[in-house]
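Read top to bottom, the protein sequences are chains A and B. The numbers in our numbering rise by one with no breaks, and the one at position 203 of the first sequence is 203. All you need for our numbering is the position in the second sequence, starting with 1, plus 344.
Please keep in mind that the hints were generated in silico from the structure rather than gathered at the bench. Hints are not guaranteed to be accurate.
Some, not all, of what chain A presents toward chain B, calculated at C-beta under 7 Å [to be verified]:
| hint | residue |
| --- | --- |
| 1 | Asn28 |
| 2 | Leu29 |
| 3 | Ser159 |
| 4 | Ala171 |
| 5 | Gly193 |
| 6 | Asn306 |
We put the beta carbon where it would ideally sit given N, CA and C, even for glycine.
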Amino acid sequence: MLTFILRRLGGMVLTMVCLTLVVFFMVNLEPNLTKLALSQMDMRASRADQEQWLERNGYRQPFLVRYGQWMGVVKKQPIISRATGQPTARFSFCNDPVEPAYSGVLQGDFGCSTKFRTPVATKLFPALGATGILMMWVLIVMVPVSLLIGILAGMREGSRTDRSLSVVSIASTATPEYVSGVIFTVVFASWLGWLNGSAASAARGITFYNFTLPVITLAIYGIGYIARMTRASMVEVMMQQYIRTARLKGLSFRAVVVKHALRNALIAPFTVIMLQFPWLLTGVVVVETMFRYQGFGYTLVEAASNNDIDLLLGCSLVSVFVVLITQLISDVGYAYLNPRIRVQ
Amino acid sequence: MPTERIGAIAIIWGLLVQFWPVWLALAIILVPSMVYRRRLGLYGQLFDTGVGIAGVAICLFWLFTAIFSQVVAPFDPLGQIVAMKDALPGSVVPDSGGVYLLGGDKLARDVFSRMVYGSRIVLIIAPAATLFALMVGTTLGLPAGYYGGRIDTILSFLANLVLAFPVILLFYLLVTPGIMDTPLPYALAGVFFIFPVIFFSVLFWTRFKNRPERLYPLLAVTILLGGWVYVGLVFDKDPLGIVSIRPNELNIFVAVVFASAPGVFRIVRGLAMDIKTRDYVAAAQTRGEGPWYIMLWEILPNARGPLIVDTCLRIGYTTILLGTLGYFGLGLAPESPDWGTAIKEASRLLRATIHPALPPVFALMSFVLGLNLLADALREQSLKD
Numbered sequence: 001m002l003t004f005i006l007r008r009l010g011g012m013v014l015t016m017v018c019l020t021l022v023v024f025f026m027v028n029l030e031p032n033l034t035k036l037a038l039s040q041m042d043m044r045a046s047r048a049d050q051e052q053w054l055e056r057n058g059y060r061q062p063f064l065v066r067y068g069q070w071m072g073v074v075k076k077q078p079i080i081s082r083a084t085g086q087p088t089a090r091f092s093f094c095n096d097p098v099e100p101a102y103s104g105v106l107q108g109d110f111g112c113s114t115k116f117r118t119p120v121a122t123k124l125f126p127a128l129g130a131t132g133i134l135m136m137w138v139l140i141v142m143v144p145v146s147l148l149i150g151i152l153a154g155m156r157e158g159s160r161t162d163r164s165l166s167v168v169s170i171a172s173t174a175t176p177e178y179v180s181g182v183i184f185t186v187v188f189a190s191w192l193g194w195l196n197g198s199a200a201s202a203a204r205g206i207t208f209y210n211f212t213l214p215v216i217t218l219a220i221y222g223i224g225y226i227a228r229m230t231r232a233s234m235v236e237v238m239m240q241q242y243i244r245t246a247r248l249k250g251l252s253f254r255a256v257v258v259k260h261a262l263r264n265a266l267i268a269p270f271t272v273i274m275l276q277f278p279w280l281l282t283g284v285v286v287v288e289t290m291f292r293y294q295g296f297g298y299t300l301v302e303a304a305s306n307n308d309i310d311l312l313l314g315c316s317l318v319s320v321f322v323v324l325i326t327q328l329i330s331d332v333g334y335a336y337l338n339p340r341i342r343v344q
Numbered sequence: 345m346p347t348e349r350i351g352a353i354a355i356i357w358g359l360l361v362q363f364w365p366v367w368l369a370l371a372i373i374l375v376p377s378m379v380y381r382r383r384l385g386l387y388g389q390l391f392d393t394g395v396g397i398a399g400v401a402i403c404l405f406w407l408f409t410a411i412f413s414q415v416v417a418p419f420d421p422l423g424q425i426v427a428m429k430d431a432l433p434g435s436v437v438p439d440s441g442g443v444y445l446l447g448g449d450k451l452a453r454d455v456f457s458r459m460v461y462g463s464r465i466v467l468i469i470a471p472a473a474t475l476f477a478l479m480v481g482t483t484l485g486l487p488a489g490y491y492g493g494r495i496d497t498i499l500s501f502l503a504n505l506v507l508a509f510p511v512i513l514l515f516y517l518l519v520t521p522g523i524m525d526t527p528l529p530y531a532l533a534g535v536f537f538i539f540p541v542i543f544f545s546v547l548f549w550t551r552f553k554n555r556p557e558r559l560y561p562l563l564a565v566t567i568l569l570g571g572w573v574y575v576g577l578v579f580d581k582d583p584l585g586i587v588s589i590r591p592n593e594l595n596i597f598v599a600v601v602f603a604s605a606p607g608v609f610r611i612v613r614g615l616a617m618d619i620k621t622r623d624y625v626a627a628a629q630t631r632g633e634g635p636w637y638i639m640l641w642e643i644l645p646n647a648r649g650p651l652i653v654d655t656c657l658r659i660g661y662t663t664i665l666l667g668t669l670g671y672f673g674l675g676l677a678p679e680s681p682d683w684g685t686a687i688k689e690a691s692r693l694l695r696a697t698i699h700p701a702l703p704p705v706f707a708l709m710s711f712v713l714g715l716n717l718l719a720d721a722l723r724e725q726s727l728k729d
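Make the full structure from the sequences, and use the hints.
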């Protein structure tokens, strides 16, 4: 088991290197660099000026050298100012090294955000904290509700409870965040006036008034999906021979469901919940944009639309890390829960 | 602002009348299907349950709306009538006497016509992209699950690499306007669009390799059709000029296939891993069948139930992805009438006016709901077999 996890962790590091390479390649495509130069200079800067800016700030160094600098395995070189001949930092708003030094992700330096004019770490980590709070509330709402709906529906296939709960969960999988967000805002904020259609004030303090809409908007899509998977798994388990055996030997329906069916039926939803995280990350981006909540998703959108290279790389690193950790937990948990699949 | 408005009942009546070709087509399809449902196999069985009927009806409703959108929509989706800016539902257009049934948006366009034309964009891209994703995912997922070992490690690594991207980051990287200047979207399209050809060639080869009279015609048709579409889509050089796609649409298409193929891969791989332990696979192995025969003709048909359901769900999921692209203003033109873009435009102004937001929202929701209901009904039926 330990070697399995160690191998998986090794795979994770490899995945992160590959992914950041891909992202690094994409953000450094010529059209994107032009966009960056234009957003940092004024919009009418000539082609030559852009080129000079890119050259001056080291964007024209070889690809792998720059990736190595970002990683922290190649020394970052300071810029020699033309006017004074003295080495200067690249961006005045970040304390970039003035002498050659290893300063990359491995050393804990995530680089410099050109959009927010601050080091990436001071922007990214508070945003992550804000999103963490949002995610926590979403999970608190989503997981119990969806498992309950799924088990109640799948327990007696074809019953009236099953049919009505199934339609509810189907309807909820059909409403992505940008749809449910609009509907909830119209109903609860514009029409009834109970809740706030913006979560911007949540940065100063979370209240029921400003935080409910983002949480339910984000939870509603996942609820339907997890509930359907739980139901499907529960239905399948309830048709197994051993359930019939348990019923025939005289166990009550409740005992059969709780003791025999539940554990087997919860294997599939466990994986599904874990694999929901990538989707939740996307949902976070939609919800935070819609409700103006300054978290990770908002940062990612700002970074991507301004081609803020270092910030975008930081965001990808974080999200990839979250996704891979959840996948690892999902696989280890699946093997642990299901004795038929042994870890080799 | 126009002063003249019609009442709520007149609006509903007007909407029902506007959809007349759709009702007609629905009646032509649904009535015979209901009558002859006993003879129509799996499709006929869908009409046994309320969920199935609702699913089929909603999906067909949007399909016909997309087909007849020129007749259904009373106005041009991009046409602006200045007096109708932010007009409330049911406002009468001055001079012409037409009615903005669901009101006008901030650029004074008819919300109803835009919703109807939006269905056209969504119903072309979403199912097509899903089918390609299905081909890619199946062709790679079967060997990964069946062989296991190194093939599985490599393919799963690649799939996880894509799955590890948050979809929205992937879209921001893949669907920026600048990227069409680079060969990247075309290279990806070149890779994805070859998969259906490979899939069908192997499918026919494994089954009919000892019966050349069946094999060669089938292979010829596959390669001819596949090659024709391939040349048209990837190089935009269809000799007949029928198959063509605009660069930004190709870009969206590729991004959506790229984002959903790994999901199919994971499902097919899981199913293959499960099914390969069954007795009939062992029997086929003992008979001396080749691995690809077993994968395509023993494992795949037995995985069809979950796969059909997944395809239905995935078309809905692709619709949602497409809406996400529109919501973030990626790929599609800002004036495009597709639902995602319309929701983006309207949701920014939700504090002032709510009526332009609701039609695209309910359109997207009902279409995905229809697909999900259909998937659910199909799942029920395939379990009964």
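Taking the earlier hints as the rules, which of them does this structure contradict? 1, 3, 5, 6
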